[in-house]
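S.K.: Between the sequences and the hints, there should be enough to build the whole structure, so can you do that?
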Amino acid sequence: MILGAAASGSLDARDKISVRGLEFYYGDFHALTGISCGIKANAVTAFIGPSGCGKSTFLRCLNRMNDLIPDTRVEGKLLIDGRDIYGEGVDPVDLRRRVGMIFQQPNPFPMSIYDNVAYGPRLHGMKRKAELDEIVQKSLERANLWKEVKDILGRGGLELSGGQQQRLCIARVLAVQPEVLLMDEPCSAIDPTSVQKIEDLMAELKANYTIVIVTHNMQQAARVSEYTAFFLQEAAGEAAVLVEYGRTAELFTSPRDKRTEDYITGRFG
Amino acid sequence: MMDKRVANAIAMALLWIAAISTVGILVAVIGYVVWNGIGHISPAFIFTWPHGVNAEGGIWPTIVSTLYVTALAMLIVTPVAILAAVYLAEYAKQGRLVSTIRFAADSLASVPSIVMGLFGLALFVEGLGFGFSMLSAALALSFLMLPIVMRTTEEAIRAVPKYIRWGSYGLGATKWQTVRRTVLPAATPRIITGIILATGRAVGETAVVIYTMGQAVNLPVTPLDSGRPMTVHLFLLAMEGINLPAAYGTALLLMVMILAFNLAARYMLRRNRRMSR
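Order-wise, the sequence lines are chains H and G. Position one of the first sequence corresponds to residue 4 (this note's numbering), numbered consecutively onward. Position one of the second sequence corresponds to residue -9 (this note's numbering), numbered consecutively onward.
Calculated directly from the structure, the hints in this document are not laboratory data. Do not rely on the hints blindly, as some may be mistaken.
As the list claims (entries may be wrong) - Below are the DSBU-like pairs computed for lysine-lysine, each with C-alpha atoms no more than 30 Å apart in a straight line: (1) Lys141/H / Lys43/H; (2) Lys200/H / Lys141/H; (3) Lys152/G / Lys130/H; (4) Lys150/H / Lys200/H; (5) Lys83/G / Lys80/H; (6) Lys150/H / Lys130/H; (7) Lys153/H / Lys200/H; (8) Lys80/H / Lys165/G; (9) Lys132/H / Lys150/H; (10) Lys130/H / Lys165/G; (11) Lys150/H / Lys209/H; (12) Lys141/H / Lys152/G; (13) Lys200/H / Lys152/G; (14) Lys132/H / Lys165/G; (15) Lys83/G / Lys152/G; (16) Lys152/G / Lys153/H; (17) Lys209/H / Lys152/G; (18) Lys141/H / Lys165/G; (19) Lys152/G / Lys80/H; (20) Lys152/G / Lys165/G.
Since the model is a prediction, treat every value here as computed from it, not as a measurement.
M.R.: This is the structure we're talking about:
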């Protein structure tokens, strides 16, 4: 694609994640083409674009979640810490522990708050009660939920409010000590007060994690992220491209591409 | 042209009559059995043995035989049905093979029970040499229950939302970990409902057990003991006009047991609905 080079962010050795010439297919449908970018550690990177522009699809490439969808195919290189995650000998199950994911719909398991957070550590073999207690408390504290739930850890996770559920899901991911957090429209199904809490949380968490967030809300992207990537599918049935990628402040104030400008000024999408 | 208001009234009346007949039939059947059977029910009827040529006394061994064979069939069918359902819903590549298996299960569910009894007689009683026994009857009954439990389990597994599985995969769970720790626990209430419904079916089954358990009034202890389930007892008493009051008493107890199973299934479903809200 013509855009590939121009749109790509600087490919830098310090990038946590670097993507080169990624193509993605759902069966016969070519969904993403020529995606190249570098995602910085300890920063929030936002993916924006109209619905159906492939931003969530791209996000799911980063932890191979798309492997779970039948008939999908990836080409190109996707490196995390310099290692190709689609390369030989990479176990997607291990990868997903290192690259955690928060979904649009808060999805606590139908079990207690404690068991929700302990789920991941238990999967990976942690059994001792004292160790589990400690990691559950630490994870809930980091997700700013501990104070609200410390006396009701035995209650069902589904009894919490939507915003609390989403923070529970964040705590659950933090409990497996990932390096990267992928958030797929984490605020679109919860109330405004909770959105504020989750945005604050992201600002705190980026000190220790690489965060990538997909959002349809441009204000949110502008508030929370240091870097922004704008995706666009120009016509129905065509593969989506990464139109522009750069520092959030620059992308929103002086976009280099006409299409980015049209999108952020609300002319389409 | 008929006045549309008249047409409306007639339609309403027909619908109402149809609906009321359904309830009416149920009430008539239950009422008839209760009316004839209630006078015969007593602790002695439940807990003592029949005696004499006219099967006077109680029906205790037949109750034990029924519960014994049902429990045994449930133990046999549950693991097989659940494993098969997990395979179909989670592991099998959706396609020809899976739809064939599903079609086979549905057909198995509609095999007349007397045919299943005949098959049980040939395979378990004679072929495998289990004789007329609890084991033969339980195996034959499990064939009848298998498709019910398997299909309800499959539906229950499919009803577990995709995003809950994704949450598990997203934490680095393998497929089996996700199935065992998340999907099956979430599906459990509906699976239990399926098991209870199938069990109710087994309790009321006559044709299968008459060929596989025998008719001897006997208190079964080991799985290779024979016995006489309540349904067969009822059939023999009524067909040969030996002791109609005892037949009605047995019928009433049988209905109460099946009703209890169905109520239990409804309770599980309700509780499940409340929990998933």
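S.K.: Work down the list of hints and note, for each, if the structure agrees.
M.R.: Now for the hints, and whether the structure bears them out:
1. Lys141/H / Lys43/H: Judged against 30 Å, a Cα distance of about 25 Å means the pair holds.
2. Lys200/H / Lys141/H: holds, 18 Å
3. Lys152/G / Lys130/H: Given pair Lys152/G, Lys130/H holds - Cα atoms ~27 Å apart, limit 30 Å.
4. Lys150/H / Lys200/H: holds, 14 Å
5. Lys83/G / Lys80/H: holds, 29 Å
6. Lys150/H / Lys130/H: Holds. Lys150/H to Lys130/H sits at ~25 Å (cutoff 30 Å).
7. Lys153/H / Lys200/H: With Cα atoms ~18 Å apart, Lys153/H and Lys200/H stay inside 30 Å; holds.
8. Lys80/H / Lys165/G: Roughly 26 Å between the alpha carbons, so the hint for Lys80/H and Lys165/G holds.
9. Lys132/H / Lys150/H: holds, 21 Å
10. Lys130/H / Lys165/G: Measuring from Cα to Cα gives roughly 20 Å; hence the hint holds.
11. Lys150/H / Lys209/H: Holds. Lys150/H to Lys209/H sits at ~21 Å (cutoff 30 Å).
12. Lys141/H / Lys152/G: holds, 28 Å
13. Lys200/H / Lys152/G: holds, 26 Å
14. Lys132/H / Lys165/G: Holds, at roughly 25 Å.
15. Lys83/G / Lys152/G: Roughly 17 Å separates the two Cα atoms, so the pair holds.
16. Lys152/G / Lys153/H: holds, 29 Å
17. Lys209/H / Lys152/G: holds, 29 Å
18. Lys141/H / Lys165/G: The given pair, whose Cα atoms are some 27 Å apart, holds under the 30 Å limit.
19. Lys152/G / Lys80/H: holds, 28 Å
20. Lys152/G / Lys165/G: holds, 13 Å
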